[in-house]
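There are 2 protein chains.
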Amino acid sequence: MRIALKRGICCVVFAVLLAAITAAAQADPLPSWNDGKTKSAIVEFVQKVTDKSSPQFVPAAERIATFDNDGTLWPEHPMYTQLAFALDRIKALAPQHPEWKTKQPFKAVLDNDLKALAAGGEKGMVELVMASHAGMSTAEFEKIVTDWFKTAKHPRFKRRYTELAYQPMLELLAYLRANGFKTFIVSGGGIEFMRPMTEKVYGIPPEQVVGSAIKTKYEIRNGKPVLMRLPKIDFIDDKAGKPVGINTFIGRRPIAAFGNSGGDREMLEWTGAGSGARLMMLVFHDDAKREYAYGPANGLPDTKFGTFPQSLMDEAKQKGWAVISMKKDWKVIFPLKK
Amino acid sequence: MRIALKRGICCVVFAVLLAAITAAAQADPLPSWNDGKTKSAIVEFVQKVTDKSSPQFVPAAERIATFDNDGTLWPEHPMYTQLAFALDRIKALAPQHPEWKTKQPFKAVLDNDLKALAAGGEKGMVELVMASHAGMSTAEFEKIVTDWFKTAKHPRFKRRYTELAYQPMLELLAYLRANGFKTFIVSGGGIEFMRPMTEKVYGIPPEQVVGSAIKTKYEIRNGKPVLMRLPKIDFIDDKAGKPVGINTFIGRRPIAAFGNSGGDREMLEWTGAGSGARLMMLVFHDDAKREYAYGPANGLPDTKFGTFPQSLMDEAKQKGWAVISMKKDWKVIFPLKK
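So the sequence lines, in the order shown, correspond to chains Z and V.
Using my numbering, you'd call the opening residue of the first sequence number 1 and step up by one each time.
Using my numbering, you'd call the opening residue of the second sequence number 1 and step up by one each time.
In short, the hints are calculated from the structure, not lab data.
Treat the hints with care, since some could be wrong.
What the hints assert, rightly or not - Looking from chain V toward chain Z, a few residues come up when the C-beta cut is under 7 angstroms (computed):
1. PRO205
2. TYR218
3. ALA240
4. VAL244
5. TRP270
6. GLY274
7. SER275
Given the structure is predicted, the values throughout are model-derived calculations rather than measurements.
Using N, Cα and C, we set each Cβ at its ideal position, and we do this for glycine too.
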């Protein structure tokens, strides 16, 4: 009798467990994505590359997915997060540089004169980056960046930048990883600017972050080895630099790539040129209400950065790259406040 | 009665399983290593960084171990494997370059005149590398390297290079990975020369290989994107370049590093300068009978490559880096023939 009872309990426990497992398996892995062809394209792609009986099955070691960062995983408006960091850094360093009061592009930064700043062009921008990103050890720079992320807030959303990763993309990253993918960031942003936050924000460890870099030099300082950051550009991980960076750092062609601008065109071309199943997607900023709408493909002026030109939209259509409409495809943009 | 019998069988099955698990846990993970302080140092290090109750516990994400390749994971004598490849490649290309018959350093290669080759110094070596490693796409180069590894054999051991990874080091790599480590190669060798074989030989995927590189350029060729290999050095991953490469590619300081020559000194210094438990080891080539003995620390002439200078031995002693004696610490050198 007691044995029969135990077996009965056992059966109930088993049934409950089975139901829970089935429910989990059927639970939506992308709850912030509206149903539709964009979401279906993602799920169908993942199913066919992970199903061993599928002719398009891809072994786990080859499931590489690359993501642009600014505009793809978090906002890039009203300015790149890294530019906001550089401007804050110039202001913090200004007391040690009285000459900056009269010298461009530093004067423009101290005067909050974005027009004069823009007039300085790329040359001015490089000067700002070198003044704010070089001249210290890698460990010192990591601390400066980490501290900045703790307090700096987005001017419109009034939340820390690290709280503004797009919720649907966080779900996509987790969904891919749960299906054996290795997720990489491949960004034009500074590699050492991103690494202090990518693990916490995106679940992406530093060794899976590819980005632009300045040169570093090994030195012994006070008897201890350090890597000094030199004011010299080593690599620009943008446009045609993205396939170069992917090949150098990853050494394997991605099977999925996600971008949002002209800077990602070559990454998507490179990904798409491989054989077998591929998924190329572009986040399209068409949601002025909840985030931003910008760029020529929206019929809006070219903002000079994060540009989604009409030619990219045409190439996407021609090559079957999916365009993610933030407005239509995403239920929410940002994670709930904790 | 039948239920009692079933429960009896159940108990037996459970006991057998438990015994098997216990045996597996106690099985020696490094069977090709002789017992002694070198082997103990490895096992004790792994135990203390993986034991959650240890004050020196390291989370899995931070368990990064870096390995030099030539002389650390496989032989580097009588010449670097990559040099053997370059010489074979020059000979294969010679019919298309009649001028090489009279032009150094190519003439030296075609005449098998290693003395004249050595006389050409670094400049000559760079010329050979560029002629054999550049001017094709990355995909073409990968195929050339893969094909070469299928047939090329080591002149003394008469086995394919890919069959000559040191058995004790293969066990060490597997042991570290079984304990949550990510294992990386950090070699002065060419990154795209190593990647076609590291996964098969060492279980190390391409994205965990750091090495020297030439520049590549994204191009559209016959309507398809390719990365062309240019005859221009991009990065030398040797000596002070190793910490630079580690920082660029991995973005995290290793907690364990393994080398065998002066080229690994800075990698070990950089690894050792971090806080918490560390393991730095040098493979010492003192086994002329089973492999090779060379270098000043053996009281032998400086062979100009794979050099283990006396100053490195002194630094190892002073800093507590372990020196692995191939002769005393390793039961076997190479894997059994299949």
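Q) Holds or violated: is there a CB of chain Z closer than 7 angstroms to the CB of V:ALA240? A) Holds, because the Cβ-Cβ distance from V:ALA240 to chain Z comes to roughly 4 angstroms (cut-off 7 angstroms).
Q: Using Cβ atoms only, decide whether V:TYR218 comes closer than 7 angstroms to chain Z, and label the hint accordingly.
A: Status holds, d = 4 angstroms.
(Q) Min Cβ distance, V:PRO205 to chain Z: is it shorter than 7 angstroms? (A) holds (6 angstroms)
Q | Hint status (Cβ of V:VAL244 to nearest Cβ of chain Z, threshold 7 angstroms) | A | This interface hint holds because 5 angstroms falls under the 7 angstroms limit.
Q: Using 7 angstroms as the Cβ threshold, decide whether V:SER275 counts as touching chain Z.
A: violated (11 angstroms)
Q: Using Cβ atoms only, decide whether V:TRP270 comes closer than 7 angstroms to chain Z, and label the hint accordingly.
A: holds (5 angstroms)
Q. Can V:GLY274 be said to touch chain Z, with a Cβ gap under 7 angstroms?
A. Constraint on V:GLY274 not satisfied, violated at 10 angstroms.
When the structure is compared with the earlier hints, violations turn up for hints 6, 7 and for no others.
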